[in-house]
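Chemist: Listed in order, the protein sequences are those of chains L and G.
Quick note, the first sequence lines up with residues 1 to 151 if you use this note's numbering.
Quick note, the second sequence lines up with residues 1 to 186 if you use this note's numbering.
If you're looking for bench data, these hints aren't it; they were derived computationally from the structure.
Just so you know, even glycine gets a beta-carbon here, dropped at the ideal spot from N, CA and C.
Please note that the accuracy of each hint is not assured.
[Unchecked claim] In silico negatives: residues of chain G with every beta carbon more than 12 Å from chain L: (1) Gly84; (2) Thr160; (3) Asp167; (4) Gly173; (5) Thr182.
[As the list claims (entries may be wrong)] Residues of chain L placed beyond 10 Å of chain G at every Cβ, according to the derived structure: (6) Pro7; (7) Ala9; (8) Leu17; (9) Gly60; (10) Leu65; (11) Gly66; (12) Gly89; (13) Thr107; (14) Ala110; (15) Arg122; (16) Thr130; (17) Ala134; (18) Phe144; (19) Arg148.
[Said to hold, decoys possible] Pairs of lysine to any residue, SDA-like flavour, derived with a Cα cap of 25 Å: (20) L:Lys92 / G:Pro60; (21) L:Lys76 / G:Gln41; (22) L:Lys76 / G:Gln156; (23) L:Lys129 / L:Glu114; (24) L:Lys76 / L:Lys129.
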Amino acid sequence: MNVMSDPNASRKGWLSLLAGSRAADVARCWAALDMAPAYTTLRSPEIGGVMVRGRAGAIGAPFNLGEMTVTRASIKLADGTVGHGYVQGRSKDHALQAALVDALMQTEAADAVETTLLTPLRDAITARKTDRAAKAAATKVDFFTMVRGED
Amino acid sequence: MQSQVLEGGFVDLPVDASYAFRAVMTAMARPGDIAFVGGAQPPAPMSVSAGVVLLTLCDPETPIHLAASHDTPQVRDWITFHTGAPLVAAGDAMFALGSWQALPLPDFSIGTAQYPDRSATLIVESAQLSNTGATLRGPGIKDQALLSLPEIRLFQTNATLFPLGLDFFFTCGDRLAALPRTTRVG
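Extracted from the complex, chain G is given alone in its bound form (with noise of 0.2 Å):
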């Protein structure tokens, strides 16, 4: 294994994933908000800030499907190294990494009446990240949020099958912001 994939985790582990997790938990409690993140050097193509988050919240018990465009030797073994967890197909991943073109969207587990928790968390590489386009209502927004989103009908459709559906990060360099099913876009 070349040591390439084998650096860019956390340098300072309890502290530097303490600050990451506050992060990633702030950007979901307030969707919009956009978040800086660091401490992560993962492999290209992926992002500082898809980095942090898959260090942050995967683990050998967290299967991830990596999409087309990030489906490379060098981000396999990396994620390997630094999470453990198992990579597997769309259909039983509890996290996916890739860009928005490239994920299949259809194929990922929106929970079950029972178990709703048993959704996919899809990390979204984008080109860029910014507080315009489309408008966020919901639960930690206040009065309304705007965020870049690459498309809108799609989130509409996810908000309507609460408590089932998808929760989206989206990344870019060193910034995410978060998109969770509770939240209406409009």
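Next up, chain L with everything else stripped away, as it sits in the complex (with noise of 0.2 Å):
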């Protein structure tokens, strides 16, 4: 991700980092926080699809790989300061807690919340894929071919 290039370049880190997480990580690091922050909903939570498209090795035609539940919210801060919460799955929590920490973010308890709830999240999720990527590697099988010595 290009900092330099992108202003919101570590807004959209932390909003994927909350839409990749588990649920109940969010909720329990949210919990951890100890914060009740007064806040108006603009879009109460709403759960619905979207259509997930890739491209394969990047480069190739666009295609449609498949549909997926996405909740999203908004709210809006004492202070003004508006938050946006796209999550995967249907917990509406999890997106209205998404919503919350994009919007703290913004403010002065940026430093407490990286700290207390962004930070935990990015080593679960990093440990998530080590954990998942070992277990890969442990069926790793290297197909080989004799040299027949036909040459």
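If you follow the hints, you should be able to join the two separate chains into one complex; please do so.
Modeler: As structure tokens, then:
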């Protein structure tokens, strides 16, 4: 991600992290954060579907990979900061917490949220990825052909 | 995006939308009846009732045309955020919003013989709305009803096109009335 060219890169980063994290992890970290900011709901959490598109090798023609369920919410804090949350799955609390975190990350509370909530989530995702990669690596099979000496 | 355009949607979405849909449906079923609606706070120059109609009937599959009188960045952003409806030229629109003078009436789709439902519904913002003026007769009206219409000739022509034709909502503040293509104006 190029931070120099995209002014929203950091925001995209934490929104992507919140979207991909598990609802239970976000709920646990949100409880650990122990913040109850006053807010008004701009868009109450709603569940919908989006079409995920992909490209073979990142350069091929785009194709529809499949639909996935997404929950979204938008809130406004008492000081007027607006936060949006789009998360995978059907957890309305997850979407609301993502929107609150998005708003809080634009305020002075950003550092506290970063250390108490975003860092553990990032670690959890990294751990999950490494775990899965390790499991996959254990099943790796190397195919090779013996030199047959015909040439 | 400014936070003003993000506000003003239905607060209690399922309940507010149900009341609004009932009011909009009853208004269309009983031409000339004036219904009171609420729950939306759209940006000026849009009226509350026009906002309620758009929130209730529009979604990403219903293209909207904004006439010059209502084509402001705030209105565009508000409609996009709250309904997700695409904003298009008059010929492609299923809904249109504007004042009577600003709406390009000949450009709107009146449907086809195979698909009369592919016609536009116009939301006409009116300075005043009352049960005076033009006489309405037809389905949904017992004997006759009165409604303050901006003109009469055009609605008479529209009724002769049946089953094709345009449908109209007239909005003013928190009140709305409807005039479907089946109503005979005279």
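Chemist: Of the numbered hints stated earlier in the document, which are not met by this structure?
Modeler: Of the numbered hints given earlier, those the structure breaks are 1, 22, 24, listed in rising order.
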